[in-house]
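Residue numbers (this note's numbering), protein chains in the order written: chain A, 49 to 354; chain B, 6 to 571; chain C, 260 to 588.
Since the hints were made in silico from the structure, they are not lab data.
Just so you know, not all the hints are guaranteed correct.
As the list claims (entries may be wrong) - To give an idea of the chain B side of the interface with chain C (calculated C-beta under 8 Å), a few residues: (1) A148; (2) D152; (3) F198; (4) V200; (5) P298; (6) E424; (7) M428; (8) E443; (9) S446; (10) D494.
Unchecked claim - Computed far set for chain A versus chain C, every beta-carbon distance over 12 Å: (11) Q140; (12) C188; (13) A255; (14) G259; (15) R316.
Claimed, not checked - Distance windows between CB atoms, simulated: (16) V231/B x R395/C: 39 to 47 Å; (17) L185/A x T541/B: 17 to 25 Å; (18) S481/B x M560/C: 47 to 55 Å; (19) T541/B x V76/A: 50 to 58 Å; (20) D540/B x G121/A: 35 to 43 Å; (21) L181/A x V550/C: 23 to 31 Å; (22) S489/B x P340/C: 49 to 57 Å; (23) V76/A x R170/B: 24 to 32 Å; (24) L181/A x D241/B: 20 to 28 Å; (25) S481/B x D329/C: 38 to 46 Å; (26) Y111/A x D335/C: 51 to 59 Å; (27) V64/A x Q294/C: 21 to 29 Å.
Here a beta-carbon is modelled for each residue, glycine too, at the ideal position from N, C-alpha and C.
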Amino acid sequence: MPLIFRRLAAIPPLVVLIASLAFFLVRVAPGGPFDRERKSASPEIERQLMQRYHLDEPLWQQYGRFLAGVFRGDLGPSLKYRNHSVTDIIAQGLPVSLTLGLLAFGFALGIGIPTGFCTAVWRGQWADWGISLLVLLAICVPGFVIGPVLVLVFGLKLGWFPVGLWGSPLHAVLPMVTLGLYFAGRIARLMREGMMQTLQSEFIQTARAKGLSELRVLLKHAFRPAVLPVLSYSGPMLADLLTGSFVVENIFQVPGIGVFLVNSSINRDYPMTIGLVMLYAILLLGLNMVVDFSYGLLDPRTKSSQ
Amino acid sequence: MFPLRIVSVAFPLSARCRIRAQLPAPQFCKVFACLAMILCLAGCRARDRATLVILNGSEPETIDPQVCTGQPDGRVASALFEGLTRFNAQSGQAEPGIAHSWEISNDGKIYTFHLRTNAGWSTGDRIRAEDVVYSWRRAINPATGVDYVGQFFYVKNGEFLHTNRSAPDYTLLGVRALDPLTVEVELENPTPFFVDLCAFHTLAVVPRQTIEPLGNEADQWIRSKVLPCSGAYQLDDWRLNDRIRLRRNPHYWDAANVRAETIDVLPTESPTATLNLYFSGQADFIVDNRSIPTELNDILRTRPDFHSFTFLAVYFMRLNVTRPPFNDARVRRAIAMVIQKRRLVERITRMGEPVATALVPPGCGGYEPPEGLPFNPEEAKRLLAAAGFPGGRGFPVIQYMFNAGGGGGSRLHEQIGVEMQRMLREHLGIQLQMQPVEWKSYLNEQSHTNYDLCRSSWIGDYNDPNTFLDLFLSTSLNNRTGWSNPEYDRLIKQGNATLDQHKRFALLQQAETILVRDELPIIPIYYYRGLFAFDTNRLGGIYGNLTDHHPFGAIYRKDSADTLRR
Amino acid sequence: MNQDSPTPRAENTLEIARPLPVEGTSASPRTPNRQAWLRFRRNRPAALAGIFLALIIAATLLIPVISRFDSDHGSDIQFGPPGWQHWLGTDVHGRDLWVRTFSGARISLLVGSVGAGVSLLIGVLWGMVAGYLGGRLDSVMMRFVDVLYSMPGIVFVIVLITTLEGHLARLFEFISPRLGNSARMVFLFAGLGAVSWLTMARIVRGQVISLRNRPFVIASRALGADTRRILLHHILPNISGVVIVYLTLTIPSIILYESFLSYLGLGIRPPQASLGTLIAEGASQINSVRVYWWLLAGPGMLLASTLLALNFVGDGLRDALDPKGSGER
């Protein structure tokens with residue numbers, strides 16, 4: 049499919065574009081990576097540091113250096129954690145964030161899709177009301193509330209799970225639930241909506257009129273098109289999940305990259321911010337591409353247009 | 006893998022849809038689940054517990070002992086690298102380190118250190134006098150980027166070499182290796198606290214054999230596969246935001262007294278997470294006093310396993326003296342006299358901190374600070390009226406700048422601000438507005454003196470009043486208030502050149518009086534109290550001390566290591 | 260389920276509470292808008308939730324004004340538990356949480372509705388146009404969304420605030436000294452608005468793609484309807500459900516994002532608080548030693564009940580606007 053190749057080919061230039069925009073954006077922000085609460089004894093130190101990391105060059109020259117680095121696959125050292133390079137840090141944290149993100153994604157889908165499906169089918173009954181209420185709670189209770197509560201109950205009181213750190217499947221449970229619950233609620237809402245809409249379409253009426261069993265109608269005919277809103281949402285959602293979450297990593301002391309995504313901006317760690325933005329952009333563009341192509345698979349009616 | 010099972014028994018279903026069967030899991034769920042399993046195996050490597058697990062506050066930026074500045078950084082760096090002296094765990098004072106003894110010349114300017122014959126790098130090589138000379142020369146080189154380089158300015162030619170930009174000759178530095186086991190140090194002036202200074206990580210010995218091949222300014226040397234360490238521990242692993250694994254250095258001169266085989270140093274940003282890890286037994290020791298939620302201070306410090314201690318640090322407000330209204334000393338004095346510091350300490354910080362009216366904590370190196378301004382709203386009103394703002398009329402709205410978003414501390418700054426807001430309004434009729442900014446903006450505005458009033462704090466580096474008083478010299482880059490006073494500069498300079506400690510302190514007191522009674526570019530609020538947590542039945546070798554130094558090498562378990570809880 | 264008509268009395272109160280939003284002057288009962296309105300009113304949970312929401316909005320406006328406590332002024336009762344004096348207790352500075360909760364809710368609702376508004380206006384339009392026209396334009400528009408989505412949002416807000424806040428604050432102070440503090444709010448809105456519409460655009464586009472080749476769209480295209488008409492009259496009603504549902508999801512996430520920005524020092528200025536920052540403050544008190552539960556309880560319940568009501572209203576609107584769903588069921 050040439051279309052796929054066209055989309056794929058568009059990703060690298062877009063990533064470079066995004067990285068370039070980020071490059072200039074971070075430099076407009078006040079302060080620099082070497083501003084400290086305790087100033088060094090002489091201004092010479094800061095000058096030397098700026099020189100070592102080429103921050104004293106004109107911006108366009110730095111930009112050229114940065115582009116050259118990107119093409120070599122070298123993102124440079126982190127200016128905050130100077131003993132580590134950006135690629136090192138990402139290589140260390142990304143597997144953790146990917147694991148946690150995928151688990152949370154699975155949890156969110158595993159809870160959200162059946163819930164949304166059922167509430168749409170049972171629409172208006174008390175089961176719908178009850179479940180919807182729980183779903184809404186999941187949406188409006190933020191992770192920074194759920195997380196500490198889970199730790200308190202399941203970590204400290206019951207002692208079922210470790211309260212933090214990373215290292216075994218048990219460690220992943222509480223962060224996964226905290227991270228996934230919020231998205232599960234959103235998925236359930238979107239799924240319910242998609243399902244209700246689909247159940248009203250003419251082809252469902254047709255299918256029912258043909259005398260197919262209700263179960264068959266629901267699963268074979270209604271499910272696929274109904275998943276459409278969830279699918280649109282999964283692209284950005286998965287990109288968010290896979291790059292870690294500041295809140296969850298903070299609560300559970302998980303060594304992912306979500307914390308860096310926020311802290312590097314706060315610390316003006318330019319290479320780190322840009323590196324993470326690029327990673328995020330690659331994930332987002334890739335996932336959205338996958339999503340766009342799977343529209344056709346789920347709902348054949350979307351296809352005939354391109 | 007994710008059976009979309011819909012149980013229909015419990016709910017009355019509508020007539021139309023009765024679902025009993027199990028739904029087939031969509032294909033992507035299966036694929037996805039497999040992927041998650043694989044990643045789970047790859048991402049979660051089994052975690053083994055070290056002999057000791059220490060919660061160390063924020064992640065160290067660098068653990069290069071000469072470059073690092075943060076307290077958490079310094080703790081790790083000091084465990085890895087030692088200098089001529091080291092800090093005693095109990096007193097926090099210097100005691101023999103790599104050097105077993107030293108002589109001081111009569112004029113107090115020449116120190117002769119004698120190195121131990123059994124001081125070794127963790128690789129087994131001997132630590133020699135040349136290593137000390139190399140390390141200090143490296144630190145003085147501006148290209149290395151040592152922020153604490155000022156500590157070398159007491160050494161002969163230190164400042165000259167550091168600031169001289171035309172290819173300086175570093176052999177001029179006042180440190181020489183007389184023979185492989187003898188180091189001679191020549192100072193600019195007699196410096197009574199020099200031996201204490203030598204225990205500081207900036208003056209530690211670093212491995213030339215590793216650094217030189219990589220280039221003097223390479224940041225990466227610290228993460229070399231084989232890293233020779235001169236301290237009690239060597240570096241096993243450093244995973245950012247995860248842990249630093251330290252292993253006992255068998256060639257350390259005092260290895261016999263280092264009893265914990267491995268130490269995990271965990272970074273913790275969130276105070277609640279810190280407490281959770283400690284209470285669940287996943288960590289043994291909270292060393293960083295700022296990683297404990299301040300709201301709980303009053304209740305925690307009464308527990309047997311939480312220990313509070315005084316250390317050399319002060320919380321204060323900076324006032325921007327370069328622009329109105331704070332360019333008038335009377336206004337600054339008035340503000341200082343309406344802040345009820347006792348109330349802040351009791352309601353907000355809750356650690357029983359002593360309130361501060363002066364900058365230098367009492368007892369710092371034997372020095373007693375002068376009495377600063379007391380709480381006196383009547384006098385404050387009079388001063389404000391004299392400055393042209395009777396009853397606060399015509400006084401501009403002032404901004405209180407503080408850094409938000411730095412974990413536990415940030416809420417403290419906000420809370421102190423809110424209380425101050427009330428005090429200024431009630432006593433002087435002054436409107437104080439909150440200006441929360443993120444960390445780097447805070448530093449940036451501060452160094453450009455672009456604020457009205459901002460919070461600040463200072464932790465003493467060594468046990469001598471100079472570590473606080475030199476902040477407000479007109480040449481100091483840490484002044485950041487725009488204040489300069491030639492009399493203050495002169496007194497400090499004269500004091501530090503005085504050998505007789507008694508006379509010296511008198512001069513310094515005179516200087517500090519100008520700072521905290523007359524001029525007030527800063528308003529001292531309180532002196533810190535540290536709080537750390539460990540079970541005294543299980544850990545030993547940890548003591549509270551003035552300099553807040555708790556060398557890891559001295560810590561040991563009282564219970565046997567194999568009965569450790571997982 | 261809502262076939263049974265509500266009691267006439269309930270209908271009357273509603274009539275008084277809210278005049279009918281009738282477009283133009285012709286208030287014929289047949290216009291789709293009026294029909295939708297009637298359907299909405301007949302949906303009892305939705306109508307009740309609507310009243311509840313209106314009450315909350317009124318409370319956020321009134322309570323901070325009429326209460327004898329000031330939301331920002333402290334007292335000596337630190338961490339006082341809920342009681343007769345302070346209904347929801349007091350915080351670390353002895354401030355009354357009942358008042359703070361409602362004045363915080365005012366800010367949060369404002370922030371949430373601005374985010375929702377931007378999301379509705381830009382997001383829906385962007386997504387519809389991209390999805391319907393398709394082809395190269397679609398690619399360009401959606402890649403634009405991706406680029407914006409990838410930008411580091413925090414840096415964006417930092418830059419916005421630090422480069423422009425001073426100027427705007429001066430401008431505001433020039434207009435009225437009391438406005439000086441609200442410059443930050445404008446940037447908060449700008450920062451939140453900039454990110455709130457992106458996902459909406461993607462979701463709308465996805466729906467439009469599946470609709471654009473449906474028979475009814477093809478038919479009206481064949482009848483010569485122009486793009487604008489098709490989008491507004493045929494596509495929009497059919498995606499309104501998803502739009503409303505996602506809108507009700509956007510509001511909580513915007514409210515929470517605001518509290519995150521505030522935590523970083525980029526949001527609203529203390530001593531002002533929003534619901535999000537109050538909840539964050541309460542959540543930081545969850546520990547095993549001592550829990551000041553009332554710091555979390557009041558703001559948390561208000562947020563939850565508001566969002567709950569919002570969702571019921573959303574569901575009601577969705578049912579009412581649904582071009583097909585009216586009679587069925």
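Verification of the hints:
1. A148: 30 Å, violated
2. D152: 25 Å, violated
3. F198: Nearest chain C Cβ about 37 Å off; hint violated.
4. V200: 42 Å, violated
5. P298: 7 Å, holds
6. E424: 7 Å, holds
7. M428: At 10 Å from the nearest chain C Cβ, M428/B fails the 8 Å test, so the hint is violated.
8. E443: 5 Å, holds
9. S446: 6 Å, holds
10. D494: 34 Å, violated
11. Q140: 20 Å, holds
12. C188: 4 Å, violated
13. A255: 16 Å, holds
14. G259: About 19 Å separates G259/A from the closest Cβ of chain C, which puts it past 12 Å; holds.
15. R316: 9 Å, violated
16. V231/B x R395/C: 39 to 47 Å: For R395/C against V231/B, whose Cβ atoms are near 57 Å apart, the range 39 to 47 Å is violated.
17. L185/A x T541/B: 17 to 25 Å: About 44 Å separates the Cβ atoms of L185/A and T541/B, which means 17 to 25 Å is violated.
18. S481/B x M560/C: 47 to 55 Å: About 52 Å separates the Cβ atoms of S481/B and M560/C, which means 47 to 55 Å holds.
19. T541/B x V76/A: 50 to 58 Å: 52 Å, holds
20. D540/B x G121/A: 35 to 43 Å: Violated, at about 48 Å.
21. L181/A x V550/C: 23 to 31 Å: Since L181/A and V550/C have Cβ atoms about 25 Å apart, the given range 23 to 31 Å holds.
22. S489/B x P340/C: 49 to 57 Å: 51 Å, holds
23. V76/A x R170/B: 24 to 32 Å: Holds: the Cβ-Cβ distance is about 31 Å, inside 24 to 32 Å.
24. L181/A x D241/B: 20 to 28 Å: 51 Å, violated
25. S481/B x D329/C: 38 to 46 Å: Between S481/B and D329/C, where Cβ atoms are some 42 Å apart, the hint holds.
26. Y111/A x D335/C: 51 to 59 Å: 57 Å, holds
27. V64/A x Q294/C: 21 to 29 Å: 52 Å, violated
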